[in-house]
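Those sequence lines, one after another, are chains A and B. Everything in the first sequence is counted per UniProt numbering, starting at 1 for the first residue and increasing by one. Everything in the second sequence is counted per UniProt numbering, starting at 1 for the first residue and increasing by one.
Hints are not guaranteed to be accurate.
One side only, chain B facing chain A, incomplete, derived with CB under 8 Å [what the hints assert, rightly or not]:
(1) K47
(2) T51
(3) I55
(4) A61
(5) S62
Honestly, the hints are just simulated from the structure, not real lab data. Just so you know, even glycine gets a beta-carbon here, dropped at the ideal spot from N, CA and C.
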Amino acid sequence: MLTPLTVALGVAALALAAWCGWAAYRDQPTKDWHFIGMAVVTLLALVQLVVGIVQLARGEEPADGKVIFLSYQIGVVACVPVVGLISLTERTKWGSLTVVAGAVVLAVLQVRLHDIWGGGTGA
Amino acid sequence: MPETEATATAGTDTGAGQQTGTEKSGQGAGTGASGGRPGRINTGPGKLLVTLYGIFTVGAASRSIVQLSTRFHEAPLAYVLSAVAAVVYAFITLALVRGGENARRAALVCCCVELLGVLGVGTWTLVEPSAFPDSTVWSDYGMGYLFIPVLLPVTGLWWLRRSRTAEG
C-alpha cells in the first residue's frame, strides 16, 4: 500500500478534525471553507481507493484479505461525506462536532488499513 | 399527552431538514439553543450521538458479518456477542433517528442493555479470557475502541433522560 498517501490522509483528517473542533469551540456551524476541506479529504480518500483497487488488480494481496481491505476502504471514502451531510442538517456547533467525530474515525481507519495491508508491520 | 407533542415536533423536524439550503435561518434557530431544543432527541447533541451510534452500528455489524461468515468456529461466543452488540446499536440508532416519546423510551431501555452488555462482557473477558480466543466489540470494556463502547451508553442515558426533563 502507498504509505505516504495513508499518512497524508491521516494527517489531513486530523487537521480537518482540529479545524471543525475549533469551529465547535467557537459555537459555530460548519461553513463553506469547512466543506472545501471535507472535499479535499474525500478526494484523497478516493485517490486511495483507486490506488488500492489498482494494487489489488495487479495481484497484490493484503495480509487480512481483499474483502476486509476493500470494505475498510469504502468506509474511508464514505465517512466524511456522510458527516458533512449530517452537519448540513444540524446548523449548530453540534454539526461541527459531528464532522470532528467522522474525521477522527477516518484517521483511525487509516491506522487499521495500514495493519490490514501489512499484517501489522513492526507490531 | 406528551405523545402528540412528540409527533408534532418530529414533523417539524423533517421540514427543517428539507430546507437545509437556507443556511442563515437554520443558523439563527440553532445558536439560540446550543444545548438542543427541549423534547427532541435527534437534534443538537442528539445528532452527534446518532452519528456515533451509526458509526458503531456499521462497524460492529460489518465486523460480525465477516467474522460469522468466514471463521465462526474460531470464537463462536465472541462473534455472536459482537453480532448482538451490532443489533443493539442498530436499534438505538433507529430510535434516535425516529425521535418521539416512544422511541425515546425504547432507546433508554436499549442504552441500559448496552451498558449492562459492555460491563458484563468486559468483566467476563477479564475474568475468563480463555472463553474468548478472539475479541468482541465489548472486550475489556471496549478498550480496542478507545473505551467509546462504555462511554456511549452513559452519554446516551444522560442525553435521553435530560431531554425528558426538558420536555416537562
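Cross-check of the supplied hints:
1. Interface hint at K47 (chain B): satisfied, since its Cβ lies 4 Å from the closest Cβ of chain A, which is below the 8 Å cut-off.
2. Hint on T51 (chain B) holds. Least Cβ distance to chain A is approximately 5 Å, under the 8 Å limit.
3. Here the hint on I55 (chain B) is kept, as its CB sits about 6 Å from the closest CB of chain A, short of 8 Å.
4. With its C-beta approaching chain A no nearer than about 11 Å, A61 (chain B) sits outside the 8 Å limit, and its interface hint is violated.
5. For S62 (chain B), the interface hint holds, since its Cβ comes within 8 Å of a Cβ in chain A; the closest pair sits about 6 Å apart.
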